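**Q** The chain contents come next:
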Amino acid sequence: MTIVAASPTTTRPRASATQWVLARLGGLVVVLWAAATLTFFALRLIPGDPAEALLGGPGSQASEEALETARREFGLDQPLLVQYIAQLGRYVTLDFGTSYSLKQPVSTVIAEQLGGTLVLAALALALAWVLALGVAVWSAQSGRVAAALGSALEVIAVALPHFWLASSLVLLFSTTLGWLPPLSGRSPAGLILPVVTLAIPLAGFLGQVMRESLLDALSSPFVLSARTRGETSAGVIWRHALRHAALPAIGLSGWAFGNLVSGAVVVETIFARPGLGRTLLSAVQARDVPLVTGIVLVVALAYSVVTTLTDVLDRAADPRLRTVVEA
Amino acid sequence: MHLHARHTLALAVLGVSALTLTACAPAETSGGSTSPVSGGTLTYATGDAEPTCLDPHVGGNYPQALVATQYLESLVSLDDTGTAIPWLAESWTESDDGLSWEFTLRDDVEFTDGTPLTSAAIAANVAHVQDPATGSSTGYLALGKVTGVDEVSDSVVRLNLSSPDSALLESLSQPWVAIQSPVALERDQETNCESPVGTGPFVVTAWDRQNSITLDRNENYNSAPADAGEGDGPYLDQIVWRFVPDSATRYAALASGEVDVIDNAQPDTLVAAEKDNALDELDAPRPGASNRIELNSGKAPFDDVRVREAFARSAAVNDGIASLFFGTADRSYSALSSVEALGLSDEDLFTFDADAANDLLDEAGWTERNADGIRTKDGSTLTLTFPVSTNQSIPAEQSLFEQIQATTKEVGFDVVLEPMDLSSWYTALAADDYDLVSAPYTKVGPDVLRILYHSDGITPAPSGYFANHSKVNIPELDDLLTQASQVTDVAERTELYADAQQIILDGYYIVPLFDQQNHYLYRSDVKGLRAIPTVYTPTFAEAWLDR
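These protein sequence lines are chains A and B, in that order. Residues in the first sequence are numbered from 1 upward in steps of one, following our numbering. Residues in the second sequence are numbered from 1 upward in steps of one, following our numbering.
None of these hints come from the bench; they were simulated from the model. As the structure is a computational prediction, the values presented were derived from the model and not from experiment. Built from N, CA and C at the ideal position, the CB exists for glycine as well. A hint or two may mislead.
Covered stretches of chain A (chain B as the covering partner; in silico rule of three or more C-beta atoms under 8 Å from a C-beta of chain B) [claimed, not checked]:
{"#": "1", "stretch": "44-52"}
{"#": "2", "stretch": "98-104"}
{"#": "3", "stretch": "146-154"}
{"#": "4", "stretch": "178-191"}
Using C-beta positions, here's what the derived DEER-type ranges look like [unchecked claim]:
{"#": "5", "chain 1": "A", "residue 1": "Ile156", "chain 2": "B", "residue 2": "Gly373", "range": "38 to 46 Å"}
{"#": "6", "chain 1": "A", "residue 1": "Ala152", "chain 2": "B", "residue 2": "Asn370", "range": "47 to 55 Å"}
{"#": "7", "chain 1": "B", "residue 1": "Gly229", "chain 2": "A", "residue 2": "Phe41", "range": "51 to 59 Å"}
{"#": "8", "chain 1": "B", "residue 1": "Thr205", "chain 2": "A", "residue 2": "Tyr84", "range": "39 to 47 Å"}
{"#": "9", "chain 1": "B", "residue 1": "Glu274", "chain 2": "A", "residue 2": "Ile156", "range": "31 to 39 Å"}
{"#": "10", "chain 1": "B", "residue 1": "Gly39", "chain 2": "A", "residue 2": "Val31", "range": "50 to 58 Å"}
Looking at chain A on its own, in the form it has when it is part of the complex (with noise of 0.2 Å):
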């Protein structure tokens, strides 16, 4: 678990918050240097001219003074490393430069999609715990048979790939039943098939690691006395083995966070619903190299922002881990 860097010896603790903030803030700057730094030379290495990218996209059959011109107001005609450097440079002005296809700054283009993508996001992480712990709790407490079938049913679920998934709720509940339309586009109705399909398969790798950690917890001395002390079973599960159970689960939803937004990329394009996902697809393919960093980033920044969240409610969920900072 991460948490075990979370734990100074130290015995003066306000320090010790301090530098767990400061830590984690520089942890960020190397996560966001390294990621614009991959992203751009991993665009510029791999084939296929930026320059195309400005004059209609790949084979364009652009003329020489169209791409002088491009290249020219772009900094292409640069070496490598003075246009990384200049790159760099103006990130740290917060200035995320102009798409080469879409022709608009990129801070809009992000502004515009981000929103549809974390909602998506969102929801699905949360209706993910909602079926994780459903199922976890239900198997815990109805036997073998029902520890066997959840069991099989998160494995099943963790396999399921999302376009296949996607396909079949669009089969089932759009083409056959016609309850749900198959277009996600702004609606919140169209959200329902995306939030699903990316829900279920991270629920069955939730609902593995909270069933085992709350089978552990169940057989634990602590529950044992709870029962003594005269709780009642269901009281067992949600006061005490839960929390219990809950840590690894919230650990890796800043994991789960990443999933979610690499699944986003086939959701949105299933789906047809506008978001960021789509927008790394389509700016990948055309060599938009502003575009694809400034996208990058984001997302490596929302993904430390949960991960830092995690950590903050598994001190919430744990006490042992309050008890050093705060002692």
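Using the hints provided, position chain B relative to the given structure of chain A.
**A** Then chain B, alone, in the frame of chain A:
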């Protein structure tokens, strides 16, 4: 006897289809009107990429042409025989030396921003397309021979050419050189990309990126091309143009009635739609080149015509098309699309014949075979690199390539399929890293042959792009194509293009597959939909909803 039997069979088939038709006749719904009804919103779901700019002068690809057809119009159009007909220009004359053309414009047309259509507008549009800052590629090529524009009067404009151009009218009919308001063109590019202003039946009113473009009716529309119906369109209040990249989702949305028209309908959905009475199909093959496999004759092993013929003879294309396209595509034996009046077909050249292929390869010296059954010669194996653009080749076409890979292996070819995205694909071509390739090319008229097979097309453009992937380099062919591009006499032009195509086919530089597929599906209560016979984009100028 034989004839008689066939006759009976044909009658039986007719009888059965008549029965089926009766059985399938749609039940009378709330609509059923025979005269157009005004009003309503039509939703169009496109599978093409979202344009990055709605002004098709910028760049210039098919997705732009599709949507621009609804709000921009060209100087001339074509009828379904390929003959030029009036649109924004009501008449034109070519000078005797072929070096200038005078167009007389309609004098009653206004752009939707109120600017009148005058010769100054045409001059501004030509200048805009030819300005390097615009970044036009397709339109730029179309106007390649235009050296200057004279405003003879308000309604007469003269285009001066560097050499006679028999393809000028065909070039001008394309949406990539459509006429926009000169006032609107003076705005910065980002603005003009978001809201180009034309004379068409609809007006761009909103663009919600990644989701939809909203087009509202042009209430003052009066400039339909000469082959339009007698109607009083546009009838639709609004078109919502949605971007739905996934084929199955697009079809599900159409079947459920969430959208009214879809493009890029794939073979499986076309078959499904045939069984659905609420759906109809518009099949509008694109003009220009047929979809074909190009054989790189610029290097071994395809620098030997016998090896090229052996490949063509051992590729079981017909079986593949039958099993993968379910009758939605017909085999082509021509370098040109079937909508091109001057296309030449030669079926006999491409008959499947594995024995002949084996003999040809033996003759060419590929006599040994390695452990995998692949032929070898002087230590090199008969390996063919085939980069496949997953953006341009639909799944059924990619499967067809796999079948061709299997059947050509029987005679000893080792075809290596390399699926890749568009940027990587163009890079592979520019690096001459291919023996086989399939590249669509849409252009109106047979002049596309000059772009694809004239030796000038081997030299890459500054961007690395070149169109002569087969690397055909025959002086006699160059002469024919150059001559044909300058001769306006129909009989002479027809003969020149026939000779040119025979040379291309006889040399096995290409293996034609089928027309560039362009299938639309729409709900049966959408009436008055048609494709404009230039680049075959659908127009909604006369469309109405019978509901």
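**Q** Within the stretch 44-52 of chain A, is the number of residues with a Cβ closer than 8 Å to a Cβ of chain B three or more?
**A** holds (count 6)
**Q** Between the stretch 98-104 of chain A and chain B, see if three or more residues pass the 8 Å beta-carbon test, and mark the coverage as holds or violated.
**A** holds (count 4)
**Q** Quick one: are isoleucine 156(A) and glycine 373(B) within 38 to 46 Å, going by C-beta?
**A** 42 Å, holds
**Q** Mind taking a look at whether chain B covers the stretch 178-191 of chain A? Criterion is 3 or more residues with CB to CB distance under 8 Å.
**A** holds (count 6)
**Q** Are three or more residues of the stretch 146-154 of chain A within 8 Å, CB to CB, of chain B?
**A** Result for this restraint: violated, n = 0.
**Q** Range first: 31 to 39 Å. Now tell me if the beta carbons of glutamate 274(B) and isoleucine 156(A) are that far apart.
**A** Roughly 35 Å apart at Cβ, these two residues keep to the hinted range, so it holds.
**Q** Quick check: does the Cβ-Cβ distance between alanine 152(A) and asparagine 370(B) fall within 47 to 55 Å?
**A** 48 Å, holds
**Q** Can you let me know if the beta-carbon spacing of glycine 229(B) and phenylalanine 41(A) is within 51 to 59 Å?
**A** This hint holds: roughly 57 Å between Cβ atoms.
**Q** Does the hinted range 50 to 58 Å hold for glycine 39(B) and valine 31(A) at CB?
**A** With Cβ atoms ~55 Å apart, the hint holds.
**Q** Just to be sure I understand the hint, the distance between the Cβ atoms of threonine 205(B) and tyrosine 84(A) should be within 39 to 47 Å; is that true here?
**A** 41 Å, holds
In the structure shown, a violation is registered for the earlier hint numbered 3 alone.
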